Amino acid sequence: MNSFSQMQDKVRDVLRRDRTFNHTIVEENIFLQGTHSVHHNTLDASHGPVLYLEDVSVSFDGFQALNKLSLYIDDGELRCIIGPNGAGKTTMMDVITGKTRPDTGLVYFGQTMDLTQMAEHDIAIAGIGRKFQKPTIFPEHSVWENLELAMKTDKGVWHTLFTVLTSEQKDRIEEVMLIIGLQELCYARADLLSHGQKQWLEIGMLLMQDPRVLLVDEPVAGMTHQEMDRTAELLTSLAGKHSVVVVEHDMDFVRSIASQVTVLHEGSVLAEGTMDEVQNNQKVIEVYLGE
Amino acid sequence: MIINYFFPQFMHKDTGGKILLSLLALVTIMVIIFNFLIPLLLPEASSWHMPTYMVTLLGKYLCLALLAIALDLVWGYCGILSLGHAAFFALGGYAMGMYLMRQIGDRGVYGDPVLPDFMVFLNWSELPWYWYGFESFAFTALMILLVPGLLAYVFGWMTFRSRVTGVYLSIMTQALTYALMLAFFRNEMGLGGNNGLTDFKDILGFSLQSDSTRIVIFSLSAAALAMGYIASRFIVESKLGKTVVAIRDAELRTRFIGYKVENFKLWIFVFSAMLAGVAGALYVPQVGIINPGEFSPLNSIELAIWVAIGGRGTLFGAVIGALIVNYAKTYFTGALPELWLFALGTLFIVSTLYLPKGVVGLFERFQNRTENNKLEEKTA
Ligand SMILES: Nc1ncnc2c1ncn2[C@@H]1O[C@H](COP(=O)(O)OP(=O)(O)OP(=O)(O)O)[C@@H](O)[C@H]1O
Ligand SMILES: [Mg+2]
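For the record, the sequence lines run as chains A and B. Numbering of the first sequence is given in our numbering, commencing with residue 221 and proceeding in unit increments. Numbering of the second sequence is given in our numbering, commencing with residue 183 and proceeding in unit increments.
The hints are simulated quantities; they were obtained by calculation from the structure and are not laboratory data. Computed from a prediction, not measured in an experiment: that's the story for all the values here. The beta carbon of each residue, even a glycine, is placed where N, CA and C say it ideally should be. A few of these clues could be false.
Unchecked claim - Below, a list of computed lysine to any residue pairs in the SDA-like style, where the Cα atoms sit at most 25 Å apart:
| no. | chain 1 | residue 1 | chain 2 | residue 2 |
| --- | --- | --- | --- | --- |
| 1 | A | Lys319 | B | Thr347 |
| 2 | B | Lys200 | B | Ser401 |
| 3 | B | Lys383 | B | Leu402 |
| 4 | B | Lys383 | B | Ile412 |
| 5 | A | Lys390 | B | Phe416 |
| 6 | B | Lys195 | A | Leu385 |
| 7 | B | Lys195 | A | Gln389 |
To be verified - So the derived list for chain B, only partly shown, Cβ under 7 Å to chain A, looks like this:
| no. | residue |
| --- | --- |
| 8 | Tyr312 |
| 9 | Lys421 |
| 10 | Ser478 |
Modelling step: build the complete structure from the supplied sequences, incorporating the hints.
What follows is the structure, encoded as structure tokens:
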């Protein structure tokens, strides 16, 4: 018995040294804290990118929504994705979060997690959060409850049945409520909020999840200029600790936050670079003027 | 309020539930006092008591109210319109029926010490294996929960995992109860065929015909309803309850914040099926029969109508709906039997057109109006 476990430890050590076999080691995963999730992979972003899309294609009844799209998002990066309507921006997010399965191509979270094989909730628990293009919140729940539901914690059935909010968790909800400026509407039903407030609430839910990667689809639609500035501030402050991918049509907003911009067109990357580079790119100008 | 002292924390805001449970306790205590204690202590004063058939009728209603709560949990809160819930009720009922059959012993028409009459009639020589254990009440109690729970688990596991929702799911639940009805109609099932199980004599050794046994079963039904209500309220007030409502309103969003939606649906569906099973088990000794008619798809639809009329997503609304409709049903089937289905249809149409939130919604509207009036008086 003893010698067996010693041998096991040795093997484990060897495997740990040899990082090629990292995915075989069952480790306590910092992103799965407190959960008993099904997959044993650890997020490994040691090589830079946290999100890999390679040659991803998706077609809907013959219509090619994504066409050999390749995209790499670095750990802690803030990336803006722009592109005309129907370019495939939302579809790309669907592929990353498991809503749509790609026909071909690789989608990896870190080095080891194959997102095409994971269920939506596992992807969410692993650390990819998403804000939808059309604000999607829980209409019959209060602002507080919306945030509570999104909170990063054990999301198993039995735990959910008996759990009671701890004071740290309450503090966290209040903190986020302050960030999104809805503290006065704490007990208001979410469907009574204005469009902009709903956007904020959904961003707040994203914050509660504390994901490693935030996918934010058109966050400032329906917001006033002040609200837009606050959103820009918030998203830039999140970068560094989190990777943030923002899809947005509002060019001023993109200019105000982005270091790196990727232009999507007809399902693949048309150009990549800083905002200025991209705006002076001949192909990009054609696509936007040709609209 | 002092009344909160009698209720657990999670019920303090549930005014409807508190009223309901208080009334239930009051009626039960009255029945126990007037029908049980007074006749026992002062035999000559027994003229005040409620006739026993009425007590049993009320007990029947309470079981149906528990069934309505079970449906409200999955439909009102989780958005799963199960049109097969009567199947779980009937399965619980059959489990109880099997126990009651075994209790008859050799007092059947054919006097066989082991085999129920219908098996002797079919020339069966021994008890089928699935009848084993039903001579024990503890085993039966377990089966009352397990059989409906297991069926709900298997059915739910298959449908929720393949993400069947909405009308398709409702149709599948109808098919489920219909299939069970056809199966139970067959004599080969060994459960009494189209006659079902009946001619019960005793429960736990007490005669089912005696007044005191009936009052005890009535009280147990009231207790089961109260406990089912409290447990359901606990669930819907918990984070799980909020998650389930979130699934109803925005399933995709719930998935993308990390909840495994199938598991939540499955959990609430199985719990609800068990509650329905308990309701069925208490119903059978009071009506004295269980037959395949209980699986009829119409029964499940009628059940959905009770909940709709009472007001779904409130729990007590389901209870009110079940009581109103079943009282009306008893009245109509006595007075004007041919009109009952029309009356039910009218009730349903009127309530969906004018009372989208059921009878409970009517109260709420009235309450809001009086509150608004008060506000206007203040501001004027
Ligand atoms: N489920 C679907 N079935 C069929 N076609 C789809 C589906 N989802 C997306 N599409 C199509 O794929 C294309 C890309 O859609 P997508 O939503 O990704 O565009 P987008 O870049 O997000 O556009 P927008 O800026 O308008 O949000 C569109 O032409 C759309 O009609
Ligand atoms: Mg889009």
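To see whether the hints hold, each was checked on the structure:
1. A:Lys319 - B:Thr347: holds (17 Å)
2. B:Lys200 - B:Ser401: Status holds; Cα separation ~18 Å.
3. B:Lys383 - B:Leu402: holds (19 Å)
4. B:Lys383 - B:Ile412: violated (32 Å)
5. A:Lys390 - B:Phe416: The hint holds at about 21 Å.
6. B:Lys195 - A:Leu385: holds (19 Å)
7. B:Lys195 - A:Gln389: Cα-Cα ~23 Å, so holds.
8. Tyr312: violated (30 Å)
9. Lys421: holds (5 Å)
10. Ser478: It is violated, given that the least Cβ distance between B:Ser478 and chain A is near 32 Å, above 7 Å.
In terms of the numbered hints stated before, the structure departs from hints 4, 8 and 10, listed from lowest to highest.
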